[in-house]
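*Asks:* Use the sequences and the hints to build the structure in full.
Those sequence lines, one after another, are chains A and B. Numbering-wise (my numbering), the first sequence opens with residue 14 and increments by one. Numbering-wise (my numbering), the second sequence opens with residue 3 and increments by one.
Hints listed in this document are in silico derivations from the structure and should not be mistaken for laboratory results. We treat Cβ as the ideally placed atom computed from N, Cα and C, and that holds for glycine. Worth double-checking, as some hints may not be accurate.
[Claimed, not checked] Here are the simulated lysine-lysine pairs, DSS-like style, with alpha carbons at most 27 Å apart:
#1 Lys45(B) x Lys119(A)
#2 Lys119(A) x Lys85(A)
#3 Lys45(B) x Lys85(A)
#4 Lys78(B) x Lys45(B)
#5 Lys67(B) x Lys78(B)
[To be verified] Across the chosen pairs, the derived CB separations fall in these ranges:
#6 Val4(B) x Gly116(A): 26 to 32 Å
#7 Gly83(A) x Asn79(B): 40 to 46 Å
#8 Ser22(A) x Ser19(B): 34 to 40 Å
#9 Ser26(A) x Gly57(B): 45 to 51 Å
#10 Gln94(A) x Gly46(B): 30 to 36 Å
#11 Pro21(A) x Val13(B): 28 to 34 Å
#12 Ser22(A) x Gln114(B): 22 to 28 Å
#13 Lys78(B) x Ser80(A): 38 to 44 Å
#14 Ser122(B) x Leu82(A): 34 to 40 Å
#15 Gly108(A) x Ser9(B): 30 to 36 Å
#16 Lys67(B) x Ser26(A): 40 to 46 Å
#17 Gln114(B) x Gly108(A): 28 to 34 Å
#18 Pro43(B) x Val16(A): 36 to 42 Å
Listed below, chain by chain, are the residues.
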Amino acid sequence: QTVVTQEPSFSVSPGGTVTLTCGLSSGSVSTNYYPTWYQQSPGQAPRTLIYSTNTRSSGVPDRFSGSILGNKAALTITGAQADDESDYYCVLYVGNGISVFGGGTKLTVL
Amino acid sequence: QVQLVGSGGGVVQPGRSVRLSCAASGFTFNNYGMHWVRQAPGKGLEWVAVIWYDGSNAYYADSVKGRFTISRDNSKNTLHLQMNTLRAEDTAVYYCVRALRYFDWVLEYWGQGILVTVSS
Chain A
14 QTVVTQEPSF SVSPGGTVTL TCGLSSGSVS TNYYPTWYQQ SPGQAPRTLI
64 YSTNTRSSGV PDRFSGSILG NKAALTITGA QADDESDYYC VLYVGNGISV
114 FGGGTKLTVL
Chain B
3 QVQLVGSGGG VVQPGRSVRL SCAASGFTFN NYGMHWVRQA PGKGLEWVAV
53 IWYDGSNAYY ADSVKGRFTI SRDNSKNTLH LQMNTLRAED TAVYYCVRAL
103 RYFDWVLEYW GQGILVTVSS
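*Replies:* Rendered as structure tokens:
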């Protein structure tokens, strides 16, 4: 069974830079997994930030970027703002039609 | 403007069935794969199922395989999720999600969600 790992929580100072990661319990994440990132505020539907590793979704500011760092997918937020405080989820396509979400990272901006 | 409007949720007894629907508009529905994703109260996102743009293939998470069926009616721009033999752990907000064009497995655009509560 594939397990996708994310940091449970992270904090960043306003104006700072933070990198969240998305890994596999076994193996390395590559572009073949089409890593995709979402932001979810309380009571709201998720919003797509980055898809297929590093493509920003429409309307997403360029403060958000995606990449592969080592053996994980990464979401980097530069110039963090107060309204970036949200839950962030990644999802990986593991093949045969199946996708798996990570457990999510709760980002605090303080 | 893309719109995904869900319906069919509510309170359902354990062991019973419910059918969720998602009405799509603002895009050419039969060009896109569609997914269902759920989120239990206070928990993270869980991928549930996908159906390819033409309905030719459907895939499920192990947690729902054999109990849930995803389907689509491209003539009515509507996605469905038939949920049978419901359990308490199926209680969640269910999101209808449109995939990326040509990449049916990439989840892109999210609807607002449908609450399903399984309780006696």
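*Asks:* Decide, hint by hint, whether the structure agrees.
*Replies:* Hint by hint, here is what the structure shows:
The suggested pairing of lysine 45(B) with lysine 119(A) holds, with an alpha-carbon distance near 12 Å, which does not exceed 27 Å. At roughly 18 Å between alpha-carbon atoms, lysine 119(A) and lysine 85(A) fall within 27 Å of each other, so this suggested pair holds. Between the alpha carbons of lysine 45(B) and lysine 85(A) the distance comes to roughly 23 Å, so the proposed pair stays at or under 27 Å and holds. The hinted pair formed by lysine 78(B) and lysine 45(B) fails the criterion: a straight-line CA distance of about 33 Å is larger than 27 Å.
Among the hinted pairs, lysine 67(B) with lysine 78(B) is consistent with the structure: their alpha-carbon atoms are about 26 Å apart, no more than 27 Å. For the pair valine 4(B) and glycine 116(A), the beta carbons lie near 28 Å from each other, so the given range of 26 to 32 Å is met. At about 43 Å, the beta-carbon gap between glycine 83(A) and asparagine 79(B) stays in the expected band of 40 to 46 Å. At roughly 38 Å, the beta carbons of serine 22(A) and serine 19(B) sit within the given window of 34 to 40 Å.
Distance hint check for serine 26(A) and glycine 57(B): the Cβ-Cβ separation is about 49 Å, which falls inside the suggested range of 45 to 51 Å. A C-beta distance of roughly 24 Å is found between glutamine 94(A) and glycine 46(B), which places it outside the suggested range of 30 to 36 Å. In this structure the supplied range 28 to 34 Å holds for proline 21(A) paired with valine 13(B), their Cβ-Cβ distance being about 31 Å. At roughly 27 Å, the beta-carbon separation of serine 22(A) and glutamine 114(B) lies within the given 22 to 28 Å, and the hint holds.
At roughly 41 Å, the beta carbons of lysine 78(B) and serine 80(A) sit within the given window of 38 to 44 Å. For the pair serine 122(B) and leucine 82(A), the supplied restraint of 34 to 40 Å is violated, since their beta-carbon distance comes to about 48 Å. Checked against the hint of 30 to 36 Å, the C-beta distance between glycine 108(A) and serine 9(B) comes to roughly 32 Å, which is consistent with it. Distance hint for lysine 67(B) and serine 26(A): a CB-CB separation of about 45 Å, consistent with the stated range 40 to 46 Å.
Evaluation of the 28 to 34 Å hint for glutamine 114(B) and glycine 108(A) yields a pass: the beta carbon distance comes to about 30 Å. Checked against the hint of 36 to 42 Å, the pair proline 43(B) and valine 16(A) fails, with Cβ atoms roughly 22 Å apart.
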